[in-house]
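Visitor: Note that the protein sequences, when read in sequence, are chains A and B.
The C-terminal residue of the first sequence carries number 327 in the numbering used here, and the numbering is unbroken.
The C-terminal residue of the second sequence carries number 327 in the numbering used here, and the numbering is unbroken.
Some hints could be false.
Stated by the list, open to error - Computed list of lysine-lysine pairs in DSSO-like fashion (alpha-carbon distance at most 30 Å, straight line):
| id | chain 1 | residue 1 | chain 2 | residue 2 |
| --- | --- | --- | --- | --- |
| 1 | B | K154 | A | K303 |
| 2 | A | K303 | A | K102 |
| 3 | B | K154 | B | K303 |
| 4 | A | K102 | A | K211 |
| 5 | A | K102 | B | K102 |
| 6 | A | K211 | A | K303 |
To be verified - So, partial list: chain A residues that the calculated Cβ filter (under 10 Å) puts toward chain B:
| id | residue |
| --- | --- |
| 7 | G22 |
| 8 | S26 |
| 9 | S35 |
| 10 | N38 |
Treat the hints as calculated values from the structure; they're not laboratory data.
Every residue, glycine too, gets a C-beta built ideally from N, C-alpha and C.
The primary structure of each chain is shown beneath.
2 protein chains.
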Amino acid sequence: MAVYTQLGAEVLAILIAEFDVGALISAKGIAEGVSNSNWLLETEGRDGRGARFILTMYEFRIDITELPFFLGLLDHLAERGCPVPRTIHDREGRLYRMLDGKALALIEFLPGVSVSQPTPAQARAVGGALARMHLAAADYSGTRANGLGLEEWKRLAEACGSQGLASIDPSLAALVERELPLLERDWPTDLPRSVIHADLFPDNVLMLGDKVSGLIDFYFACTDITAYDVAVTHAAWCFDAEGRHFDPALSAGLLAGYEAVRPLSTAERAALPLLARGAAMRFTMTRAYDLMNTPADALVTRKDPLAFARRLEFYADPANAAVFAAS
Amino acid sequence: MAVYTQLGAEVLAILIAEFDVGALISAKGIAEGVSNSNWLLETEGRDGRGARFILTMYEFRIDITELPFFLGLLDHLAERGCPVPRTIHDREGRLYRMLDGKALALIEFLPGVSVSQPTPAQARAVGGALARMHLAAADYSGTRANGLGLEEWKRLAEACGSQGLASIDPSLAALVERELPLLERDWPTDLPRSVIHADLFPDNVLMLGDKVSGLIDFYFACTDITAYDVAVTHAAWCFDAEGRHFDPALSAGLLAGYEAVRPLSTAERAALPLLARGAAMRFTMTRAYDLMNTPADALVTRKDPLAFARRLEFYADPANAAVFAAS
């Protein structure tokens, strides 16, 4: 949540003139994005009736050579009817432009709000939207390795160290030491793969009532096990924020919504408990690492790794495997 | 620049239902306001054709009993054709509502962008808008003392202390000790008074080309010497950000634009050099105090007091008095 760079109205107006979207009418820096600065822009539009866009400046973490994968994916999915924001190409057809050594992309604005307490009907809609995204991404030509997969969880655990993890919570080191070898031993290698969102938290879904109006923030998208995306989304949607309470109705809604569009194979179903442990491990480790390595005065909010350690304990408990059993 | 409070979509939707503006379509936290959290909201509008608003939550510094002065002033000025955002009254006619002990107001969204390098034509337009605001405010019934006047500059100087000021810059303590008694001795008592904006920096003016489309952020507005507002606006618009370079063309444009609408009296003209020293002192002192008293890890940007100490030196130099001479 930050705007790291100030862009004056004069610079914005010159920048916007490079796109066929009409003159700039309004620009507000918005408090979204951890690695980006974002502005909500209004322009006169091509037809003079007004249009809105998100202008994103990539500040950290993003390798510019990967932008064509992310921005091209938005185009690909939007063309196939997925509710994702289109990338606005500039007058030369480019997906992004450079300013002061930073990449900038102009992206369609989508209506909708992010829910913080989803209902089962909303979870069902999100499941359906995720499945449609997986199907629509099947023929996307781009590929990108998952930089936050099992190997990275191990690397992050090592970087944190047992003492570091214990400093967050006495039980955290033991949990990670128990789970990591098991995930490594059993991680599936033969499940269907596709482009996955890999970060579909409620923050990254725009809704109008029970309808999904937007899937956004694809900057963790990568090529990986399709059902792992279901597991990530499950971990993101079916618990309270602290990970203390699992909501079976949200879980049932999400899975039913997904399967109404893309039924899971028997092997995918069987793998979900383990994939969900992996998903919970992914956020436990990145949050633990960020907590230990982000200065206290940084503008970003440091998120609690224990909220996902609790989910990991939940998914690791055999008594809860029934959550993923075919209904 | 911050959003201090997270408001979930569910809470926002309930809140918006208290106003006759249609259902919520979109909400983005915006990176504006030092003492407030602000959201740019889109709703269906009363006619279903869409409408936009700024929702402001008053977090710090604001005394809720003063909100009727600020919000009523917006209504008063908007009714008289000034480009200020109207306050949207709720279904019970209230100017603001309470949520979790904090006041919230829904305010009209205005188009326009804030310039960072104004042109003389833009300075002229701002001068005209300021003068029209002064005339329109003449029959506003509300009054509010200026909490950041001479008495407060003295209090802030004492709170900073000579050593504190010297720790910012070796010359700052001497400058303040030289100027404060002089301002106190000569501060005018018989000039016309009115409601003034008192903080009309380029950030607080929205422009479309050379036209002023909005005057915003009236939370320092108060009843004080009308020409002091001209002096504040002069200090805010006619220098580079660091206060090192004075731009005579911006100054001439601003004053000519103002006088085309509300000519200054001979006494006001004569007082402007001193009023401008006061204006520069006001921002020097508040910035010095904030610099010394804001934790380094706060979300707000601490502004440089020396940028206004330099303006103070400029205005105090008799060689520069001609800036305010009648043309």
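Visitor: State for each hint whether it applies.
Guide: Okay, the hints, checked on the actual structure:
Distance restraint check for K154 (chain B) and K303 (chain A): the Cα-Cα separation of roughly 43 Å exceeds the 30 Å cut-off, and the hinted pair is therefore not satisfied. A hinted pair counts as satisfied when its Cα atoms are at most 30 Å apart, and K303 (chain A) with K102 (chain A) qualifies at roughly 27 Å. For a cut-off of 30 Å, the pair hint linking K154 (chain B) to K303 (chain B) stands: about 20 Å separates their Cα positions. For the hint linking K102 (chain A) to K211 (chain A), the alpha-carbon distance of about 35 Å lies beyond 30 Å, and the restraint is violated.
Using a Cα cut-off of 30 Å, the hinted pair K102 (chain A) and K102 (chain B) is violated, with the two alpha carbons roughly 39 Å apart. A C-alpha spacing of about 28 Å is found between K211 (chain A) and K303 (chain A), which places the hinted pair at or below 30 Å, so the restraint holds. A distance limit of 10 Å between C-beta atoms decides the matter here; for G22 (chain A) the minimum to chain B is near 12 Å, and the interface restraint is violated. The beta carbon of S26 (chain A) is positioned within 10 Å of a beta carbon in chain B (closest approach about 5 Å), and the interface hint is therefore held.
About 15 Å separates the beta-carbon of S35 (chain A) from the nearest beta-carbon of chain B, more than 10 Å, and the hint is not met. At about 9 Å, the closest approach between the beta carbon of N38 (chain A) and any beta carbon in chain B falls short of 10 Å, and the interface hint on this residue holds.
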